[in-house]
Amino acid sequence: MITGHSCELWRHLEKEWGEELFVSSGGLLTGPRDGTIVGGTLRAADQHGIEVETLSSAELRMRYPSHAAAPEEHIGVWEPSAGIVRPEASARAAVGLAGRNAGVLTGSQVSRVEVCSDGVELVTGPRTLRVRQAVITVGAWLTTLLPGLPLETVRMPISWFRPSAAGGEAKADFDLDRFPVFMRELDHGPVLWGNGRENGHDVKLGLEYGRGGFRPMDPEDHRPVRRGRGLVGSRTPPVRLRAPAGTHPGAAAVCMYARTPDDQFIIGRPGGDARLVIAGGPDIRRPSQWPRL
1 MITGHSCELW RHLEKEWGEE LFVSSGGLLT GPRDGTIVGG TLRAADQHGI
51 EVETLSSAEL RMRYPSHAAA PEEHIGVWEP SAGIVRPEAS ARAAVGLAGR
101 NAGVLTGSQV SRVEVCSDGV ELVTGPRTLR VRQAVITVGA WLTTLLPGLP
151 LETVRMPISW FRPSAAGGEA KADFDLDRFP VFMRELDHGP VLWGNGRENG
201 HDVKLGLEYG RGGFRPMDPE DHRPVRRGRG LVGSRTPPVR LRAPAGTHPG
251 AAAVCMYART PDDQFIIGRP GGDARLVIAG GPDIRRPSQW PRL
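The opening position of the sequence shown corresponds to residue 1 in the UniProt record's numbering, with each subsequent residue numbered one higher.
Think of the hints as simulated: they come from the structure by calculation, not from any bench.
The beta carbon of each residue, even a glycine, is placed where N, CA and C say it ideally should be.
Label pairs and their computed distance ranges (CB to CB):
hint, residue 1, residue 2, range
1, Arg178, Arg11, 22 to 32 angstroms
2, Thr36, Ala91, 26 to 36 angstroms
3, Asp221, Pro261, 14 to 24 angstroms
4, Asp175, Arg11, 16 to 26 angstroms
5, Ser111, Arg275, 16 to 26 angstroms
6, Gly271, Arg112, 11 to 21 angstroms
Here are the simulated EDC-like pairs of lysine to aspartate or glutamate, each with C-alpha atoms no more than 20 angstroms apart in a straight line:
hint, residue 1, residue 2
7, Lys204, Asp177
8, Lys171, Asp202
9, Lys15, Glu88
10, Lys204, Asp173
11, Lys204, Asp175
12, Lys171, Glu198
Working from the sequences, and respecting the hints, build out all of it.
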């Protein structure tokens, strides 16, 4: 879900940078009416005045055949203003525009953040920067640089699927306009999310366990993950997913994000300290809110 202010900021960033960053394709949320995904979306839409359309189980199947396997008791919520963000291009745009009015240090890994009497020290190898105030937005590495926060770093699997070599019409069923960005709440709590083909990229699917499931890990642990071992806890219910009909596996990867107890962003000044601002949390599927944050 993208709020009106975030959308305005995306359009402003696009205009300043000269490249499309947010693709407004609409978004589909499915699951139990009182579940985390559908229920939370309906409450947020009512609270913020965001236009949505509720779809019955039958309407969901008729309008979006790719979601026909959803259980009978699940419904859908269509949000016209939703879409996908091109994260790499967005990061380049933000850094590029920042560099027009400020210094940008590249190839400088921050290894330590220390609050001192007159500000904050940022240790980057042999160099230490001292500033009056620091805004820390390092994603999964928040747990390393600022220990003590209610965060856990976890790995999340992501996969890409390529339409089979059938006719053009069959392939078009997986284009973004027919297979829009979606989140589907599954049994036992996991959430399947993804989107159709766009800008040369294959169909993308990811799996998320809210409030548990994935095993906490050290973001500096670079050991490879094989067949999911080490990703989930021993008591996590198994989830078996099949490739969408008419596709075959294209690629797979894992990514990291910082998980919060309530699966929401963590934003503010730790302990009310005016020298430090942090922003992070489970943002791997919510880059639409980055400008507002």
